[in-house]
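As they're listed, the protein sequences go chains C and V.
Start counting the first sequence at 122; every next residue gets the next number (this note's numbering).
Start counting the second sequence at 1453; every next residue gets the next number (this note's numbering).
Hints are computed from structural coordinates only; laboratory data are not their basis.
Ideal placement from N, C-alpha and C gives every residue a C-beta, glycine not left out.
It cannot be assumed that every hint is accurate.
[To be verified] For each label pair, taking beta carbons as the anchor points, the in silico distance ranges come out as:
(1) SER194(C) x GLN1974(V): 41 to 47 Å
(2) ARG1917(V) x SER574(C): 23 to 29 Å
(3) ARG597(C) x SER1953(V): 18 to 24 Å
(4) MET331(C) x ALA1654(V): 50 to 56 Å
(5) ARG597(C) x PHE1837(V): 30 to 36 Å
(6) PRO1840(V) x SER574(C): 25 to 31 Å
(7) GLY554(C) x PRO1840(V): 23 to 29 Å
(8) ALA476(C) x GLY1525(V): 38 to 44 Å
(9) PRO1744(V) x GLY554(C): 37 to 43 Å
[Claimed, not checked] Covered stretches of chain C (chain V as the covering partner; in silico rule of three or more C-beta atoms under 8 Å from a C-beta of chain V):
(10) 393-402
(11) 441-450
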Amino acid sequence: MEVSFSREVGMLRRGNGEVFEGEGILAITKGLLEAGVAYVGGYQGAPVSHLLDVLVQAKDYLAELGVHVEACSNEASAAAMLGASIHYPLRGAVTWKSIVGTNVAADALSNLASPGVTGGALIIVGEDYGEGASVIQERTLAYALKSSLLFLDPRPELAHMVRMVDEAFALSEAASLPAILQLRIRACHVRGRFACRDNVAPAVSSRHPMDGPAPFDYAKLAHPPVTFRQEKTKVDERLPAARRRIVERRLNEVFDGARDDLGVVVLGGLYNSLVRALGALGLADAFGAATVPILALNVVHPLVPEEILAFCAGKRAVLVVEEGSPAFVEDAILAILRRASAVCDIEGKGPLPAAGEYTVEALAQGLVAFLGRHAPELALREGRAWLASVARRRDEVGQALAMPLPARPPQFCIGCPERPVFAAMKLARETIGPVHVAADIGCHSFATFEPFSQGHSILGYGMSLASRAGVSHAMRKRTLAIMGDGGFWHNGVVTGVQSALFNHDDAVLVIMKNGYTSATGTQEILSTPSDAAKAASGDQGRSVVASNQVIERTLEGLGVGWMRVVDSYRVEAMRATLEEAFTTEFAGLKVIIAEGECQLERQRRVKPRRAKLEREGKRTVRVKYGVDEDTCSGDHSCIRLSGCPTLSVKDSGDPLKVDPVATVLDGCVGCGLCGENAHAATLCPSFYRAEVIRHPHWRDRAAAAVRGTFARVLRKDAA
Amino acid sequence: MTPVAAYGDTRPVTILVAALGGQGGGVLAEWLVDAASRAGFPAQSTSIPGVAQRTGATTYYIEIFPVPRAALGGREPVLSLLPVPGAIDLLVASELLEGGRMVQAGYVDEARTMLITSTSRTFTTAEKMALGDGRYASERLVDVARARSRQFVGFDMDAAARDSGTIVSAVMLGAIAASGALPFGADACLVVVDASGAGADASRRGFSRGFEATRTALALPATPLKTTGVASRAPATVASAFAHELAAFPASCRDIVAHGIERVVDFQDDAYARLYLARLSRVRDVEAATDPRAGHGVAVTRETARFLALWMAFDDIVRVADLKGRASRHVRVRREAGARDGDVVRVADYFKPGIPEIAGLLPPWLARRLAAWDRRRQARGRAAFALPLTVRTDAVGGMVALRVLASLRGWRRRGARYAEEQAAIERWLDAIVAALAQDWATGYEIALAGRLVKGYGATNLRGKRNLAHLLDHLAAGPFATPADRARAIRDAREAALADESGLGLDAALVRHGAPARPVVAQPIRWMNKQSPVANAPGSR
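Please model the complete structure; the sequences and the hints are all you need to start from.
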């Protein structure tokens, strides 16, 4: 795993009166333990990866408490795990990246929501929306509405978020409905502090297991005819129960203000930004005391009509602050007021943008428009001036810069084993021509950026091979699908491989076997090399993924008739294998497994080991590649075939050469790609490989001495 | 008024950090929040790592309420999770372009924001992959950043971190501590650095480097910055043999001519240098006639001197072996590899001579036969013949091999490649001279077109083909005015350097009424996809 959470694990143990300091998502994790959760599952993905990561690393402590943690194979299996709470008094929580994870989990969620739950069931979704998001921009709320799930969007203040975890479990039990707790990206990564409570060991758990199963109860099955009854129960009993508790526990917060003829209804997660926007307009102070009353909805579904009506009573106009579209909350509030024939102008999308993240600037613009219409007596001079100055500044800077700044998208890490595969693909294109490339989710999706700029579609995690089905039949050439081992286990083996085989499709699949789900933080999977294999890997720098053959055996078992395993750093071999796959007579599915362990994991082993040896004065060998500046002609074809962060350019230092020459920066891990490319692409003779031996053996020194003597004779311009 | 309300219009200190993923920005944010809460101030940080942690551009945002918690009577300030444009007190950037990006986004306010940025550049892939020089002008970034900020501090954080053997975040923390933006002292920051365990000493060194650099910069009035590193080599020392010839050139281009002479002597011999000077004199004389008062600063002669020298010293096997076999090169390799005294360094070089390289050293008649054989081979669908070699050039065998190859210098003149290059060079020179006699600008553009010829193997061939096509159809072709011709040649040259595929070049050629370059035959092999067959797996 990429990050070590030893300090955070200590935080999880803290009890009454102690203070927790750390990240939002870890505060939520602490909240789960304080709420007496019995089992936790999920699938990693930004921004919620750390929840599972820290619990996996805290397994000893969790064993003491009797809390079970499961790293699920995908979000569907995580959602299905919550089925435990249908019959049994177990509080369970699962987590994933949304919207994508919720899409994958949707089937199980519906079948969980229909019979409902006995023990509290909580789904913590990282709403990957707005700046920093890596997925399609949709909102999770829609699922809560159609499946009658409770939906919480807490105000992003650690103590409050932790309280909401506890309340969400209780609410879920009171309404026997599963609850979604949504956290935006920045709420997951917000760093703050809160006062802890003791953790609660679950009454029923792996330490205190149940003697037997629950009695047979057809009513708890998601199966007709009871499904019809369950649909009624949702609206007649469960949602009303939820509304009663929301009111009793005051889960939604009203912040009074002097201007009680106006108001703002805001989703809890957006509260801090709203307050900052009001502050910029001179309508709120540092502690959130605002001129305009605010209703913060920590529970967005179900809404409580009485609460909405009470807040809007006597107000001329209310602004609804809700990111994205459709405007579910705004429309619902309009309906509530109309049904009650209450008179109050509701605005939302209009003054505020219909799509995109609500930044403080966007909110301020919306407030200015809203107040300009309903409270023109407020001049808001300061605020208007600020908004105008920001807009003016952007224009002026844009003109001063003359040309827009080059973008800096994420890219493959230094020495990544996947980069060489795309170099080979670029070279193979010269001999087999362009082909349709079905791309996928994972680090390899960085190949859609420069210098590789390839890929025709991305249909979801593990979906690349499946997405070629409709293209393949209408294309003379074979199609190429790219999949990581993460995507392979997430679902690609079933949605892609199985269906390609069953339908006899003549396609090519490249599987990046790097041994981990690297893009999400190198979490372990079925094809991760064992600790024993890692320990046995000599200098620790070598890839050890070859020691795990689960993927190969799985593919053989499924009946893949053409499979090649290629060391991903061998560019020439990979190019030849790709050419073979596209030119062979074999008409079935052709699978190329590009084998090379995630460089992050390898460096996590290599660096400490080398440091230790150097401290002890023992022999170490470090490899660094380099470029001879006087033979480099500054054409940069090597960079167009690599894009490695450490393969850069510098001034030539030659008064005759105008173009910068290539150079290898410190940080090169000596992966070998530069040399491989130099040969495979017949680049130029400028690349060299240097092995630096520190604390050399006497043998090294003797050999060096001999070479030195000859060098003095043989080398031109030798001193 | 209660003391609490009194702080109602107190503004939190806002710090925006712009960095590259994986540079330790998260650690920096953690340090700051930790330091603040140890000092008793409410503080919060947010970030958006996601996939940006894979070396993409990213930001970290910190808010510190400058009133001790103890004085707030239990009330919590509402801190923002998002940075607000124009409402940033301190912007710290670990890289110059990322600092500029924040200015472009409108975060930096002329009246409020202090901007502390590293002057070091980590070039983006788009900048690095250009065929020519695609780097964004650092000077422009610095000028804009300086002009748009209340106070500007720029220094090389990269070097500071490297020298201190730590990551840039420690240097940034030092800079922040010295900025005066924090409601607590530098010592409070050092406490958390020391508590950071392993590497604390290195972090401390980095911290003081950042602290000192910032404090000094803030004390001094704004001084212009040097943003790009590497200095040029010292002016060439030319054998007195050529002092006389050199004197015959206008002073404004003597330095380049001197470097040129040095280059071709180093490549071949004095005779070759005389050939260089003879060729260059033609251009000099015609330019003198066209532009007697040197209104253009003899730029044609100067640029011809540059590209002629580079072309005449073409990189063949002999040249490469010569350069790689030098003691000075071995010293440079040791330095670049970061070897210390006592370390043993082993060096392997990557060569892949093909038929063109080998034939280049043979007499033309033999070279032609070899080339023909290689073409037949490729027509049969095989790859072009080439020998991938990885040579231990630090070992005795490798050193001997390099010396032997370098000693073939004399043969070179009789080789096919030498003949080809000289012919192509003459063609280019004739075009320059012919055009220059008519119109200075056209001659200048053709001289600059010499930049197209560089690289090895296929790259070098492509460059020469492009230049030849440009000479045939633009230098020779009909144009309404000389200015049109000059513009056409410039467009074509820039297009040729803009993309590898040459599509842009062809477009430019056509745009100026010239034919696109002839398509070079290239064997493509693939298997048409087949309908399901019996041998397909899973067949039932």
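We went through each hint and held it up to the structure:
no.	hint	result
1	SER194(C) x GLN1974(V): 41 to 47 Å	45 Å, holds
2	ARG1917(V) x SER574(C): 23 to 29 Å	25 Å, holds
3	ARG597(C) x SER1953(V): 18 to 24 Å	23 Å, holds
4	MET331(C) x ALA1654(V): 50 to 56 Å	54 Å, holds
5	ARG597(C) x PHE1837(V): 30 to 36 Å	31 Å, holds
6	PRO1840(V) x SER574(C): 25 to 31 Å	27 Å, holds
7	GLY554(C) x PRO1840(V): 23 to 29 Å	25 Å, holds
8	ALA476(C) x GLY1525(V): 38 to 44 Å	42 Å, holds
9	PRO1744(V) x GLY554(C): 37 to 43 Å	56 Å, violated
10	393-402	holds (count 5)
11	441-450	violated (count 0)
Hints 9, 11, counting from the list given before, are not met by this structure.
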